[in-house]
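Given chain E, put chain H in place with the hints provided.
Residue numbers (this note's numbering), protein chains in the order written: chain E, 208 to 441; chain H, 221 to 571.
FYI, nobody ran anything at the bench for these hints, they're computed from the structure.
Nothing here was measured: the structure is a model prediction, and the numbers come from that model.
Calculated from the model, a selection of chain E residues having no Cβ within reach of chain H, i.e. all distances over 12 Å:
#1 F347
#2 K361
#3 Q370
#4 E382
#5 R395
#6 E402
#7 R438
Partner residues aside, some chain H positions facing chain E, computed with beta carbon under 10 Å:
#8 S395
#9 L398
#10 N400
#11 A401
#12 N403
#13 L405
#14 S407
#15 E460
#16 G501
#17 E526
#18 R527
Distance windows between CB atoms, simulated:
#19 H:S395 x E:D250: 28 to 36 Å
#20 E:K228 x H:L420: 21 to 29 Å
#21 E:D341 x H:L557: 30 to 38 Å
#22 H:K556 x E:D341: 35 to 43 Å
#23 E:K228 x H:K510: 49 to 57 Å
#24 E:E232 x H:R417: 30 to 38 Å
#25 H:E526 x E:E276: 17 to 25 Å
#26 H:L557 x E:L401: 52 to 60 Å
#27 H:G560 x E:Q231: 50 to 58 Å
#28 E:D250 x H:L420: 38 to 46 Å
We put the CB at the ideal spot given by N, CA and C, even for glycine.
These are the residues of each chain, in order.
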Amino acid sequence: MKTLVVDDSRLARAEVIELLKAHQEIDVVAEAADVHSAVESIDKHKIDLVMLDIHLPDGNGFDVLEKSENTPKVIFTTAYEQHAIQAFQVNALDYLLKPVTAERLSAALSKLTGSAVASTSSSIDPDAQIFIRDGDSCHFVKLREIYLVNVDGKFSRVFFRDQKAFLARSLSYVESKLAGLRFFRANRQQIINLEFVANVEPSISDGLNVTLINGVTVEVSRRQAKDLKDRLEF
Amino acid sequence: MTEKLTSSRQYYLAQSLFWGGYLLLNLMFMGLYFNQVSWTSILVSTVLSVLLFGASHGLRFLFHKYAKEWNLTKTSLNLAWLLPFAAVLVQTLLFVIIGFGIYALALSTAGLQRYTFGTFMGYTMNTCIMLVLWSTFYLLRVELRKRRHAEVAQLQLQLALKDAELQFLRGQINSHFLFNALNNLRSLIREDAERARAGLNDLAALLRGLLQIDAVKKVKLREELEWVKGYLALEALQFENRLQTEFNIDNQLLDQELPPLILQTLVENAVKHGIAARRAGGTIHISASKMNARSWQLVVTNPLPERTSPHAGNGIGLDNARQRLRLAYGERDTLKLETGEHVTACVELPL
Numbered sequence: 208m209k210t211l212v213v214d215d216s217r218l219a220r221a222e223v224i225e226l227l228k229a230h231q232e233i234d235v236v237a238e239a240a241d242v243h244s245a246v247e248s249i250d251k252h253k254i255d256l257v258m259l260d261i262h263l264p265d266g267n268g269f270d271v272l273e274k275s276e277n278t279p280k281v282i283f284t285t286a287y288e289q290h291a292i293q294a295f296q297v298n299a300l301d302y303l304l305k306p307v308t309a310e311r312l313s314a315a316l317s318k319l320t321g322s323a324v325a326s327t328s329s330s331i332d333p334d335a336q337i338f339i340r341d342g343d344s345c346h347f348v349k350l351r352e353i354y355l356v357n358v359d360g361k362f363s364r365v366f367f368r369d370q371k372a373f374l375a376r377s378l379s380y381v382e383s384k385l386a387g388l389r390f391f392r393a394n395r396q397q398i399i400n401l402e403f404v405a406n407v408e409p410s411i412s413d414g415l416n417v418t419l420i421n422g423v424t425v426e427v428s429r430r431q432a433k434d435l436k437d438r439l440e441f
Numbered sequence: 221m222t223e224k225l226t227s228s229r230q231y232y233l234a235q236s237l238f239w240g241g242y243l244l245l246n247l248m249f250m251g252l253y254f255n256q257v258s259w260t261s262i263l264v265s266t267v268l269s270v271l272l273f274g275a276s277h278g279l280r281f282l283f284h285k286y287a288k289e290w291n292l293t294k295t296s297l298n299l300a301w302l303l304p305f306a307a308v309l310v311q312t313l314l315f316v317i318i319g320f321g322i323y324a325l326a327l328s329t330a331g332l333q334r335y336t337f338g339t340f341m342g343y344t345m346n347t348c349i350m351l352v353l354w355s356t357f358y359l360l361r362v363e364l365r366k367r368r369h370a371e372v373a374q375l376q377l378q379l380a381l382k383d384a385e386l387q388f389l390r391g392q393i394n395s396h397f398l399f400n401a402l403n404n405l406r407s408l409i410r411e412d413a414e415r416a417r418a419g420l421n422d423l424a425a426l427l428r429g430l431l432q433i434d435a436v437k438k439v440k441l442r443e444e445l446e447w448v449k450g451y452l453a454l455e456a457l458q459f460e461n462r463l464q465t466e467f468n469i470d471n472q473l474l475d476q477e478l479p480p481l482i483l484q485t486l487v488e489n490a491v492k493h494g495i496a497a498r499r500a501g502g503t504i505h506i507s508a509s510k511m512n513a514r515s516w517q518l519v520v521t522n523p524l525p526e527r528t529s530p531h532a533g534n535g536i537g538l539d540n541a542r543q544r545l546r547l548a549y550g551e552r553d554t555l556k557l558e559t560g561e562h563v564t565a566c567v568e569l570p571l
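Chain E extracted, bound-state conformation (with noise of 0.2 Å):
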């Protein structure tokens, strides 16, 4: 897993990336000491799995996922910062306090290594996430777990498990990144995840009314109509 360390003090890199050397899985192969650098080698170097600090000299951890056009798996690092954490709807991520025990390093390692090893090769992984910052609360969100995106003005509202989230990228940005899953552009306005797809039926403008598993309903338009059928079809 190629992994990037990002702190910005040389001696607590120094001390994750010795504990790192216990754990033949990790590739360390990049570190940063703020905001800048380390978007800059997610992107430039596929990072698996960042080891985060949350206060950075430009910033902090959050900016460097929401900056990235990856989101790699993270590990958050920090002194002492019950609240930053508290702010998560904690699911999909683990963090340490510093000084980071061994023990605690590989209890968090271990919850992700499942899921690594699937996300090495093919280009897209089944369990990939994006990081949502909405105001005061962040979320880690499976693509596969979203199932609907909205337009919302120039960027996107997404729908997840009991949840929605403001993101500020367009839709088309969010089209581009769904491509290759089970994704689908019903219309403008609306992406809907096939997987959620209960029923189908044709509406009164030619086009297809989708009704997902949760009871939202989706109008797909005429255009799309039959990209869909064939998307359906096996």
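Frame of chain E, contents of chain H only:
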């Protein structure tokens, strides 16, 4: 505002009761003495009460304007000539008004004593006694209120002191700093065990100092500088080349006293905003110098952060320092923070 309003309402109510009561008392005595109450005596008593109301109101005005800060002796000495003067004034006005009134309304003068200089003096004496009585009540009331206010202020001060003390103790151990220092020392053990041992000594000295400190008792600049240097040595592990420091201390000031951890707070603040929030880091200047014969100053300068306030909890440390300075030296705000090309924090202290 509302307190002022209710207190002025209370004042007018008290005034009306006092002089209204005096009016009734006068009429009662007249009734007992003459066995009847004539329109003339009602008129005289009423006008007298109204005049006394006015006169006492004037006295209150003068009191508020001039005598608020006077002590009781000075106030009494001034009243000693002012009250007889007011009494003469009231009686003269009464004489004139009643004279006109009797003439204009053609009221009977039956039941009125012959008006001589002697009776005038008698009435004036009577009025003067009433004014003395009124002044005594008034001053008593003022004094009581002053005491109650002082008591409340005293309680508030005590509360603020307790609060500041608590905040102070809670705020002293900056957990973020502490755990980062431990983490860095742990890493340094592998790299340079001797330096790590020295770092642990710094940390121990800092913690011991913090645990012993009293929020109110002052320390010498010399001691304060020891802590600051220990603290900076530990922060140097975190920031390495990014943290540069420059001291400029007037050695004659080393024995001057100041509330504990004031300089430490300023330096911590400078590191947080001027070093931690900058990729390139920077230099922190720390100086202690004489200003004039009566005061000296501590100045801490740091570069501007890269972005505005990347860390939460800004200003709590400085507010705390301000509060402690206020407790130690009174109301005047001696901590000044200026932001230009650099951020400069300056504290003025008495010699």
